[in-house]
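> According to my numbering, the stretch in the sequence shown is residues 18 to 276, in order.
Hints were generated in silico from the structure; no laboratory data involved. Treat the numbers as computed from the prediction; the structure is a model and nothing was measured. Just so you know, even glycine gets a beta-carbon here, dropped at the ideal spot from N, CA and C. Mixed in with the good hints there might be a few duds.
Estimated spans, in silico, between C-beta atoms of each pair [unchecked claim]: (1) R90 <-> K168: 22 to 28 Å; (2) V96 <-> R193: 36 to 42 Å; (3) V145 <-> G89: 18 to 24 Å; (4) G83 <-> G241: 27 to 33 Å.
Keeping only pairs whose Cα atoms sit at most 16 Å apart, straight-line, the calculated EDC-like set for lysine to aspartate or glutamate is [unchecked claim]: (5) K201 <-> E212; (6) K222 <-> D165; (7) K157 <-> E87; (8) K157 <-> D220; (9) K201 <-> E264; (10) K197 <-> E212; (11) K157 <-> D80; (12) K201 <-> D275; (13) K222 <-> E160; (14) K197 <-> D275; (15) K222 <-> D159; (16) K198 <-> D275; (17) K198 <-> E212; (18) K93 <-> E160.
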Amino acid sequence: MIISDFGCRISDVVWGMWGWSIQRCGVMVHRGFRTVDAGLEYAKPVEDTPVQAAQGGVRRSVDRYGGYAELGRYEKDGVDFCVTLRSGNSGIAVVAPHGGGIEPGTTEIAEAIAGGEHTFYGFEGLKVSGNRNLHLTSTKFDEPIGLDAIKRARVVLAIHGCEEHRAIIYMGGLDREMRKKVSKALVEAGFTVGEQPDLAGSDPKNLCNRGIRGGGVQLEISSGLRRLMFEGLSRQGRKKVTLVFHEFVTAVRQAITDA
Numbered sequence: 018m019i020i021s022d023f024g025c026r027i028s029d030v031v032w033g034m035w036g037w038s039i040q041r042c043g044v045m046v047h048r049g050f051r052t053v054d055a056g057l058e059y060a061k062p063v064e065d066t067p068v069q070a071a072q073g074g075v076r077r078s079v080d081r082y083g084g085y086a087e088l089g090r091y092e093k094d095g096v097d098f099c100v101t102l103r104s105g106n107s108g109i110a111v112v113a114p115h116g117g118g119i120e121p122g123t124t125e126i127a128e129a130i131a132g133g134e135h136t137f138y139g140f141e142g143l144k145v146s147g148n149r150n151l152h153l154t155s156t157k158f159d160e161p162i163g164l165d166a167i168k169r170a171r172v173v174l175a176i177h178g179c180e181e182h183r184a185i186i187y188m189g190g191l192d193r194e195m196r197k198k199v200s201k202a203l204v205e206a207g208f209t210v211g212e213q214p215d216l217a218g219s220d221p222k223n224l225c226n227r228g229i230r231g232g233g234v235q236l237e238i239s240s241g242l243r244r245l246m247f248e249g250l251s252r253q254g255r256k257k258v259t260l261v262f263h264e265f266v267t268a269v270r271q272a273i274t275d276a
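Build the full structure now, drawing on both the sequences and the hints.
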C-alpha cells in the first residue's frame, strides 16, 4: 500500500524491507528495515531564487551554485539537503535530483515508481525556506553517489517538476523508444503529455542520458499535475497521495518494467 497517513515518508512505510540503502536524511538505515528520526522533515518550498520564463509559460529556476562542490561549501549535508540511495537489481534507476522542497512531490513519485526492484536515488532539499537554491541543472549535476548509481544503470528515468498550471507531463531524454513507451502508457491512463524545447533533455550530459545506454527518459511533471497527486505540495500535504498519484505511478511502472 503506497498511501501513508502515519506522519512519515511513503518510502519509510513501504520500501524499507528491500536491500541496502544509503540515507543521510535523519534516517537510520539497516539491511531489512529503517527507523525514522521524526525531527527532520521536508520543508515547504520558498522560491527565492530568480526564476526565468521558458516557452509555453513554463517557469524554470536559475541555479545559485555551479556544482555539488560549491553547494557543499555553503549548505550543510543532513540539515539543508540529504542524499538517498536504494539499490535495486533490475538495471533500471529512477532518480529525483531535485526532490524534497526543491521540486515538491518528485521524491515521492520517483520512489513509488522505483518500488522494490528498481534503484532509487534522490537529492532532497530540507531547508525551511530557499530550497530552490539547492537546484543543480541536470547537465551539471555532479553529486557523486547519484552519478555512480546512474552510470551503472541500463535505463535511467529522471523525475522532475516544472512550474505550470496545466496538468501536463513534458517528455524528454535520448532513449526515444522508452520515451514512446512511457508516453503511450501515460496517455492510455488519461494523462496529457507534450514536448518543450527547453525541457527536451537532449543534451548527452543531461543526467538521464548518462547511463550505460547513453540515453534515458526525463519526465517534467507540471506543478498543476503534481497538486492533483497530493493533498498539497507542502511538507504535510505530500504525506497523503491521491488516486491520480496511483494511476500515474502504475502507468510509468508498467512501461519501464516492460523495457
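> All hints are to be evaluated individually against the structure, with a verdict given for each.
Here's how the hints hold up against the structure:
1. R90 <-> K168: 22 to 28 Å: Given range 22 to 28 Å: holds, Cβ gap about 25 Å.
2. V96 <-> R193: 36 to 42 Å: About 41 Å separates the Cβ atoms of V96 and R193, which means 36 to 42 Å holds.
3. V145 <-> G89: 18 to 24 Å: Once the Cβ atoms are compared, 19 Å apart, the range 18 to 24 Å for G89 and V145 holds.
4. G83 <-> G241: 27 to 33 Å: For G241 against G83, whose Cβ atoms are near 31 Å apart, the range 27 to 33 Å holds.
5. K201 <-> E212: Holds: K201 and E212 sit about 14 Å apart, inside 16 Å.
6. K222 <-> D165: Distance of about 14 Å is within 16 Å: holds.
7. K157 <-> E87: Between K157 and E87 the Cα gap is close to 12 Å, so the pair holds against 16 Å.
8. K157 <-> D220: The hint holds at about 11 Å.
9. K201 <-> E264: holds, 14 Å
10. K197 <-> E212: holds, 12 Å
11. K157 <-> D80: Holds - the C-alpha atoms of D80 and K157 are around 10 Å apart, at most 16 Å.
12. K201 <-> D275: holds, 13 Å
13. K222 <-> E160: The hint holds at about 14 Å.
14. K197 <-> D275: holds, 12 Å
15. K222 <-> D159: holds, 11 Å
16. K198 <-> D275: holds, 9 Å
17. K198 <-> E212: holds, 15 Å
18. K93 <-> E160: Roughly 14 Å between the alpha carbons, so the hint for K93 and E160 holds.
The structure meets every hint from the earlier list without exception.
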